[in-house]
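Start from the sequences, fold in the hints, and give me the full structure.
Those sequence lines, one after another, are chains D and G.
Residues in the first sequence are numbered consecutively from 1, following the numbering used here.
Residues in the second sequence are numbered consecutively from 1001, following the numbering used here.
Quick caveat, the hints were computed from the structure, so don't treat them as lab data.
Be aware that one or more of the hints could be misleading.
Over 10 Å on every C-beta distance to chain D, these chain G residues come out as not near it, computed from the model [said to hold, decoys possible]:
hint: 1; residue: 1128
hint: 2; residue: 1136
hint: 3; residue: 1263
hint: 4; residue: 1314
Result set (SDA-like, lysine to any residue): computed pairs, CA atoms no more than 25 Å apart in a straight line [as the list claims (entries may be wrong)]:
hint: 5; chain 1: D; residue 1: 26; chain 2: G; residue 2: 1023
hint: 6; chain 1: D; residue 1: 26; chain 2: D; residue 2: 61
hint: 7; chain 1: G; residue 1: 1320; chain 2: D; residue 2: 225
hint: 8; chain 1: D; residue 1: 320; chain 2: G; residue 2: 1047
hint: 9; chain 1: G; residue 1: 1026; chain 2: D; residue 2: 343
hint: 10; chain 1: D; residue 1: 26; chain 2: D; residue 2: 225
hint: 11; chain 1: D; residue 1: 320; chain 2: G; residue 2: 1290
hint: 12; chain 1: G; residue 1: 1026; chain 2: D; residue 2: 10
Note that beta-carbon positions come from the ideal geometry of N, C-alpha and C, so glycine has one too.
Chain residues, written in single-letter form:
There are 2 protein chains.
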Amino acid sequence: MQRAEPQSFERVLSSMCTEPHPTARKAAERFLATNPGDPGTYETVADLEREAVERLGTIAGLGDPAGYVTSGGTEANVQAIRIARNRGDTDDPNVVAPEHAHFSFTKAAELLGVELRTAPATDYRADMDAMTHLADDDTVAVVGVAGTTEYGYVDPIPAVADLADAVGALCHVDAAWGGFYLPFTDHDWHFGHADVDTLTIDPHKVGQAAVPAGGLLARSPDLLDELAIDTPYLESRSQVTLTGTRSGAGVASAVAAMDALWRDGYRETYERAMGNAEWLAEQLDVRGHDVIGPELPLVAADLSIPMTTELRDRGWRVSKTGSGEMRVVCMPHVTRSMLRSFVADLDWY
Amino acid sequence: MQRAEPQSFERVLSSMCTEPHPTARKAAERFLATNPGDPGTYETVADLEREAVERLGTIAGLGDPAGYVTSGGTEANVQAIRIARNRGDTDDPNVVAPEHAHFSFTKAAELLGVELRTAPATDYRADMDAMTHLADDDTVAVVGVAGTTEYGYVDPIPAVADLADAVGALCHVDAAWGGFYLPFTDHDWHFGHADVDTLTIDPHKVGQAAVPAGGLLARSPDLLDELAIDTPYLESRSQVTLTGTRSGAGVASAVAAMDALWRDGYRETYERAMGNAEWLAEQLDVRGHDVIGPELPLVAADLSIPMTTELRDRGWRVSKTGSGEMRVVCMPHVTRSMLRSFVADLDWY
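Pasting the structure below:
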């Protein structure tokens, strides 16, 4: 493997993954050969998974949480929709979500045979009138996003939960990326703020655990029962995950990262990232670009030059929103000096 | 994380996971912070994934294979059934499989809204008369298992493929566990032996890669197109995986393991494991137990004592089949001296 070098994060501005915290990396390496999908055989990592869920519950305002460590936000979102579909009393289930919901909801709908109804947004947040218009008796879940993938904005979660309640659907919040930044903001986003049923929050994004460590939380264990499949020839009885064999590395590193960083470490990470995002927004603004955000540490800007190729040649990894804006995700590995170099390179063109 | 110790493999006889090869472990550690789900950003690991699929194709008799590195056998099996469902021209799709098919097919059926029809087996292998009886115009896939989870037996794959062909369905082979042992046997199991459309083969089992590294292979890329979901705001265009963010560690370690072990290393592993399984079968047989196998390195025996608790207390991890037989999986980490100790402990009771 000497021939291939892993991606360095030195110029990565496009990813919602980041360099794991050193303690998290160490834990991942130690637990590389364990399988939390077989808790009868791999007991230690099964215990660690319970700790991971406990800590995620603390962050997301839920005492005594149900849930598990998923392969990532996609699995958590798919499973939330699967719970809602299986719980719903309809042959023609639909899910109502804002148009900026992550593409994993499209995947979930295709997989699960559920209709996905997406409502236009207003000012990059879910438009509750449009959402309400789409919801009906066959709606099994209403989705809100706390930290959108494209712009980092936060939907009005209490209103999303109210709509879910009004139509007898489950309320799912996707805080896959935002969940480790939001505790240090004034946003209402979690189980303690609204009648949320399920929530996605990924340790392997801002939580600084190693991939794969996503998180699905549920208000009560009976919600997870909707996912149970019998498991003969394992020592355990049933399995709720989407995958079977799973990485103990992700689970162990999630616990290690949260032990090391919750709460002050994550607060410092948030403040630094938000400071960087505000600095970048200001730099782009003074150069005459239309800037969107930052509401959380993510900046999008309508750069009119077709610059991604040139920037890639200089090593930068940036991506674009569906509408074509340049998008910079201020992850923990993104420093002020990276952003200074980036802005200097933008000026050069 | 000092307080928790990962499971040692010293007494694990129940798992289809194993200690990764040292080179595979090193590669996993180096690529811990990469995401093959975002190939535009993480180019090196995307290249490695193409190499992994190429090597898996070589092992499974398929030049120029389509496929990808999954989170494990469950994802690969789910995706194969999803391909078949999406390709099938019916509103009421069913899948025909032998009763010993892995529980991931139950999960797939529940997820995807497909009816799973399971046929009784004869002598632990798919009974083709029973399978044929269940197949009809709405059958979208016929499944064969090459190395069953419970007994390690191999279904008659050419006959399974013929049945699939006869009813216009896809043929899927689950060689998740068996795939790295079968090349050194006389069994017909792969793309070169029969008209197989999709096949599951997991580097993180007998392939000795780190979890998560499963494998889905498809005879042609258009089969994978059935899984494609658009991915705005990634630099790539679409995504076929079930999960989104994925572990670069699994991909890199799969390539490293196959580089190190294909072909002679895997042959030695097979011969040692099969020798161990035959030795264990003989030991149990002379003690008067009814032994099933080994057809591949897996031994099941009808031990009449309720012994799992006592064995667990002595550190052994064994599991039972659905019919209650004790089941020992001879993975690469299982040595003759482990089995000697195990048999001695059985004698003690």
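Hints violated by the structure (numbers, ascending): 6, 9, 10 and 11
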